[in-house]
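With the hints as your guide, set chain L onto chain E.
From first to last, the protein sequence lines stand for chains E and L.
Residue numbering for the first sequence follows my numbering, starting at -16 and increasing by one per position.
Residue numbering for the second sequence follows my numbering, starting at 30 and increasing by one per position.
Misleading hints may appear alongside valid ones.
Part of the chain E face toward chain L, derived, beta carbon under 10 Å [said to hold, decoys possible]:
no.	residue
1	R(-6)
2	G30
3	I58
4	V228
Just so you know, the hints here were simulated from the structure itself, not pulled from any lab data.
Even for Gly, the Cβ is constructed at its ideal location relative to N, Cα and C.
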Amino acid sequence: MAEEIIEAIERYGLSKRNRKRTLFSRIGVVGCGKEGSLIATTAAFSGMEVVFLEVNEEGIATAYKRIEAKLDKKISNWGLTENEKKVIMGRITGTSNYEDFSGCDFVIEAIRYHDNTGVRRIAQRKEVFKELERVLSVSAIIASNVSTVIVTDLAAELEHTDRCIGLHFLSNVPDSQIIEIVPGLNTSNETFEKVCQFARMINYDYIPVMESSGLVSIRMFLIQLNEACGILMEGISSVEDIDKVLTVGFGHRQGVFRTADQMGIEKIVRLLENLWDEYGSLKYKPSPVILRLFRAKHFGVSTNRGFYTYDEQGNILK
Amino acid sequence: MNILVLNCGSSSVKYKLLDMASNEELGTGGVEKIGMKGSFLKHIRRDGQKVILKGEILEHQLAIEYILGVLTSEKHGAIKSLEEIDAVGHRVVHGGEKFNSSVLITDEVIQRIVECIDIAPLHNPPNLAGIYAINELLPSVPQVAVFDTAFHQTMPDYAYMYGIPYSLYTKYGIRRYGFHGTSHRYVSKRACEFLGMDYSNTKMITAHIGNGASVCAIQNGKSVDTSMGFTPVEGLMMGTRSGDIDLGIVTFLMEKEMIGASYVSTLFNKHSGVLGVSGISSDMRDIENAIKDGNERARLALDMYEYRIKKYIGSYTAALNGIDVLVFTGGVGENQTKSRQKICESLAFMGVEIDKELNAVSRGKEVLLSTPNSKVKVVIIPTDEEFMIAKDTLEIVEKK
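So here's chain E without its partners, still in its complex pose (with noise of 0.2 Å):
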């Protein structure tokens, strides 16, 4: 028997049928840092082909590794298996082209915190959603990674800003699978409701959240950790207490100091006095204990100090 004939497969299809590409089969990724490899990965992991973004060579290497790392975690915790990792880093590809995005029909920007300072950069970020609007197709939907920053503001300058949206992924409890999703003023329904499509495609609860600073995660975890700071000011409880209480007593998965430690505090000061600017309410001003461990640069699990102290693979030492 002679070998196996190889040919393509369109000229085998039925009908004229349109062919149009099924929702999301394809998505961008701007900026692949915690959040932005978390979006991929997740998307990937789906069944959907990622294309991410990164500056240059060094950061795409990096963005890979972040991602395998995060994929080998979940291998050996039992998650996911060797070959399903291969399928899985088979479907992302980095680039640091824009044009690359050419053919998505959802992008998502999430520009990471400036690395020292956790400052968001917004000059930037609306730069990258005029990058999109110019290689993206006109029905094609470009969201924003948000918590503070308000998407109406970014997507101002746009010339379709009903495909605009602001997504804000929980990343800091591992697996919690949640997205809140935040039209913003010119948002379109449809753009919402393939939005809410698109986190039911990668099984994702989601919660709609009307554009606001903090949006319900972002206020509701900073209260309780400048109240917490406030117990341990006043030397009614230690660390360990407070988040013992919160994790036995409340049944949280993780305490708000180990959640802390994890998002990181030089985003945890920022994030507070944004919504203290944009509020003007005392309750948001930074606690006195986090700006002193801003100021001494234990930034939490990403510099082994914070209100714990961690070993190098981020496991509490005391």
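Same frame as chain E, but now just chain L:
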């Protein structure tokens, strides 16, 4: 009459076109990686030539469209037009308690299959996608659903119930359903034909052992017990599934490894079994090679795999008060001569005796392995689920 058999998985569609009058395979193959990068259709023509068609195949409907396109194409096809397909038979994984036999697909049947999604969230949706696609592409062609679970619906309640609060059965339908039903039904029936025995008056055990594996106790043509349960993870140790396990281990591990439901499911379904124990592979050929190289864990994995099969055959022999026929089928059951020999030798206490030389050269064909002295007839019957699905489809469509 030409019947198209479809088996739709989450990212694959397997198909076979059969001419039932001549019993001839007109074309067979499968689409892989639906919705992913690198999707392709592999078609084997009637003359045996393999054809690979590469291109984007985003969903089941499109996959089936290409399958129909290839089957009717001048170059590789077997039929001239779609009108030559008289009926379509679908493999449907879970029929719950709603189906105890194959049925003609109607809107009501579809609704009932939809209702079973709760207990088969991974399998029934792609099966339904196949049914919807045919509805659209071949609207006038009758379709039949053949369920993996239907054959086992004859089990008595004391065999299918679990020892947990009864309210969980009424609330969620938690009970043993069993799987591989089409295979167990085909090989048991075929074994009786092959041996010239009366199917309605024979006690038999069928061992479908491959990467997925289950054993079935069949009394007078009816399944009375089977090793897979509410899901396919129960029973024998398999390629990557643990099989029977102490529930205490599950809760212990959830606590110790701090993992939740989906991770636990992956652990016992994908990281366990022969792969998990050996650390090498889920494929028995790799395990055999590793044993030859002196790998101890590969040997352990194989010992466990075979021991579990022996245990199940022993317990089902008790359940049936003795057996007349033992059937081996499935990839390992049909081809793994050493395992077959070891299992049969370990059953000597119940009068099983096989011709070792014959066993050593028998692979993938119907053979009577037992000696005339053996109290139990031991046979290999290669499984043919597609043929069974086509046969059911033919019968139902003709009755219509």
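Hint by hint, here is what the structure shows:
{"no.": "1", "hint": "R(-6)", "verdict": "holds (8 Å)"}
{"no.": "2", "hint": "G30", "verdict": "holds (5 Å)"}
{"no.": "3", "hint": "I58", "verdict": "holds (9 Å)"}
{"no.": "4", "hint": "V228", "verdict": "violated (20 Å)"}
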